[in-house]
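J.: Here is how the chains run, residue by residue.
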Amino acid sequence: MIPREKYTDMITANKAVAIAVTRARPKVVAAYPISPQTDIVEHLADYVAQGNLEAEYVRAEGEHSAMTICASAQGTGVRTFTATASQGLAYMHEVVSACGGMRLPVVMFVANRTLMSPGGIWPEYSDSMPERDAAWIQLYVEDNQEAFDMIIQAYKIAEDSRVLLPIMVCGDGYILTHTTDKVEILGMDEVDEFLPPYKPEHAYLDIDRPTAQGVIVPPEYHMEAKYQMHKAMKDAKTVIKEINSEFAHKFGRDYGGLLSTYKMEDAERAIVFMGSTTGTARTIVDQLREKGEKVGLVKLRFFRPFPNEEIAKALKDVKAVGVFDRSLSYGSTGQVFIEVRNSLYETKKPVLNFIAGLGGRDIRDVDLHFMFKKLKEVEGKDKIEDPLVFVNTRGVTV
Amino acid sequence: MKLQELPDESPYVSGDSACPGCMASNIAHNVLRILGKKTIASVPPSCMSVFAGTFPNLNWDIPYFHMQFANTAATVTGISRALKAQGKEGIVVLGMAGDGGTGDMGLQALSGAAQRDENILYICYNNQGYENTGIQASGMTPIGAWSKTTPVRNHSTGNEYYPKDIPRILIAHEATYVATASTADINDFIRKIERAKEIEGFRYVEILSVCTPGWDVETHLGPQLAREAIDTGFWLLIEYDKHKLMVNHDPTFKGLDKFLKKQGRFKHMTLDQYHIMEDHIRRRYQIYKSLSSLDHFL
Chain L
1 MIPREKYTDM ITANKAVAIA VTRARPKVVA AYPISPQTDI VEHLADYVAQ
51 GNLEAEYVRA EGEHSAMTIC ASAQGTGVRT FTATASQGLA YMHEVVSACG
101 GMRLPVVMFV ANRTLMSPGG IWPEYSDSMP ERDAAWIQLY VEDNQEAFDM
151 IIQAYKIAED SRVLLPIMVC GDGYILTHTT DKVEILGMDE VDEFLPPYKP
201 EHAYLDIDRP TAQGVIVPPE YHMEAKYQMH KAMKDAKTVI KEINSEFAHK
251 FGRDYGGLLS TYKMEDAERA IVFMGSTTGT ARTIVDQLRE KGEKVGLVKL
301 RFFRPFPNEE IAKALKDVKA VGVFDRSLSY GSTGQVFIEV RNSLYETKKP
351 VLNFIAGLGG RDIRDVDLHF MFKKLKEVEG KDKIEDPLVF VNTRGVTV
Chain A
1 MKLQELPDES PYVSGDSACP GCMASNIAHN VLRILGKKTI ASVPPSCMSV
51 FAGTFPNLNW DIPYFHMQFA NTAATVTGIS RALKAQGKEG IVVLGMAGDG
101 GTGDMGLQAL SGAAQRDENI LYICYNNQGY ENTGIQASGM TPIGAWSKTT
151 PVRNHSTGNE YYPKDIPRIL IAHEATYVAT ASTADINDFI RKIERAKEIE
201 GFRYVEILSV CTPGWDVETH LGPQLAREAI DTGFWLLIEY DKHKLMVNHD
251 PTFKGLDKFL KKQGRFKHMT LDQYHIMEDH IRRRYQIYKS LSSLDHFL
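Sequences listed follow chains L and A, in order.
Counting from 1, one number per residue, gives the positions in the first sequence under my numbering.
Counting from 1, one number per residue, gives the positions in the second sequence under my numbering.
No wet-lab data here; the hints were simulated from the structure.
None of the values given here were measured: they were computed from a predicted structure.
Wrong hints could be hidden among the right ones.
Simulated crosslink set (EDC-like; lysine to aspartate or glutamate; CA at most 20 Å straight-line) [unchecked claim]: (1) A/37 - L/206; (2) A/88 - L/208; (3) A/38 - L/160; (4) A/84 - L/54; (5) L/226 - L/242; (6) A/84 - L/242; (7) A/88 - L/160; (8) A/37 - L/242; (9) A/84 - L/160; (10) L/199 - A/104; (11) A/197 - L/206; (12) L/231 - L/160; (13) A/88 - L/242.
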């Protein structure tokens, strides 16, 4: 049994997510195993079986159905949860998109894993990145504590009447999902106070108040619905910041909202990181600072909605910007790079794109040192022929 | 209830934009006359999702949920589980899909829901083809039939494959209730829908739905063809309830050639093709008949 009270434990991100789900009290959990999230649905089966979670636990016959079950249950007026990764997320894609458009505040954990081919079970963001246009809020966590905290926050953000969009909480497969770290588990009562039981105020299936959801909408009415999806995504930025502050005030952990910065006050060069790599990069920033190098980093937390203004503000004083991408849009650049450079368009700063860690390749301290070194080389340049830098890749001259 | 006792009004209200003579529209109307207003419905992309579910003209005077092609059984699963979690009882959760959405793309979700004995009523209106997209063969199109993807040309003489038998697949799951029905035998139809409404667990009813453009028949012929389909054995009335299988009506097997010749989709058939169809119909009847007499169903 999970204690009701607040406690601290050494656990994996998968276990932290599963316990956070019991605190959020969804009424329907759709489960289908896939590495590296499988033990989330295993833990949840256990928690339902031993009474830690009162929920309908549906062993779906595939991820397409798992996402469908979450969407239609949410559309019937209950809080839901599912978790997936890689091919599982790709397999549910058409329902992921429907769920966003139907404005159903489903919460899903994605244990980031490479999307084939080549096959692999190790971390990469090529699974969640293709879902960027599906009208889902998308956030990336750095460690197990953040995974726990953001599951709780995710429900509150998604269900806010100004938002009503589903959220995928993304965490690096294995690096977080299978590695134990210290996590403070918030108590049941304090989470209940922060995140009260779900009471839908919008349209849901109710025989006393018939509504239709997800129907065919002809061109005369279509664009307005799409505009509203975009507006909700934009409005979510305010809600994310508000809920971050409320959480920080109540529980003492301030994640900075859409992004956070590290040693950026007087930084001349900075790299934008996402996910677990941010932790290692902080150490490298410290090492370089000891040598007198004025470097800093930005931790990008939310990829959708993308914090254009916030990232431009965070990077306004630096002379060169690097963007870390753990995925690549072949024939273009990394997906985060596209967004960051777009945000910096007016500033004409040199921006490099570091592609690293694909398919789970280890991102070593020498690789991070290399990124900051490359950045120093372009400082002051106003033209960059090719921003792409493949880090630690055989056959690529850098 | 008898036909005369059924309410004239149906929560599937009049004024849909189905083709003249469409039997699917008729099936929806009659099913909902029996199920009533304590019903939540989901229809995947299909004829019915277009002719009765295009905003702002919806014919469903009950909560209605439209999802994708392959996941009707999973959609109604989520609705049913959410109602259970909320303690809401006595509501029929109805999934209503065509044969393509049931037997091809939808088969995985259907199998999952049947195996988990989800508390849902799944109705397949089987018009024997992808008619919404303009008459293409599905996995449930009869052998020999013409369609736009099984053309009749020099090198092709219609559909070369046997149709999938979904009721038999679901009986293999030991599903709670599996039946076939036809509006041509309205008493059998009413009894089966009422039975499916009354019990809990996974319930599947497959109803033959004459598609006038897809079958290339005159628009007034639907009811007559539905009747002849039962007599000829082309459409078999079966019922699997409490792990017991019954064949509700023994066909005479007479008049098959005349029945087929009335339909443009079969008019090209050679004598060889006719015998293949006839053998298939008799074999399917024998399979159900022998399964219904087995001891382990008692």
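J.: Now tell me, hint by hint, if it's right for this structure.
T.: Each hint tested on the structure:
no.	hint	result
1	A/37 - L/206	11 Å, holds
2	A/88 - L/208	12 Å, holds
3	A/38 - L/160	30 Å, violated
4	A/84 - L/54	12 Å, holds
5	L/226 - L/242	25 Å, violated
6	A/84 - L/242	34 Å, violated
7	A/88 - L/160	25 Å, violated
8	A/37 - L/242	42 Å, violated
9	A/84 - L/160	25 Å, violated
10	L/199 - A/104	37 Å, violated
11	A/197 - L/206	19 Å, holds
12	L/231 - L/160	14 Å, holds
13	A/88 - L/242	35 Å, violated
In summary, the structure is inconsistent with hints 3, 5, 6, 7, 8, 9, 10 and 13 from the numbered list given earlier, while agreeing with the others.
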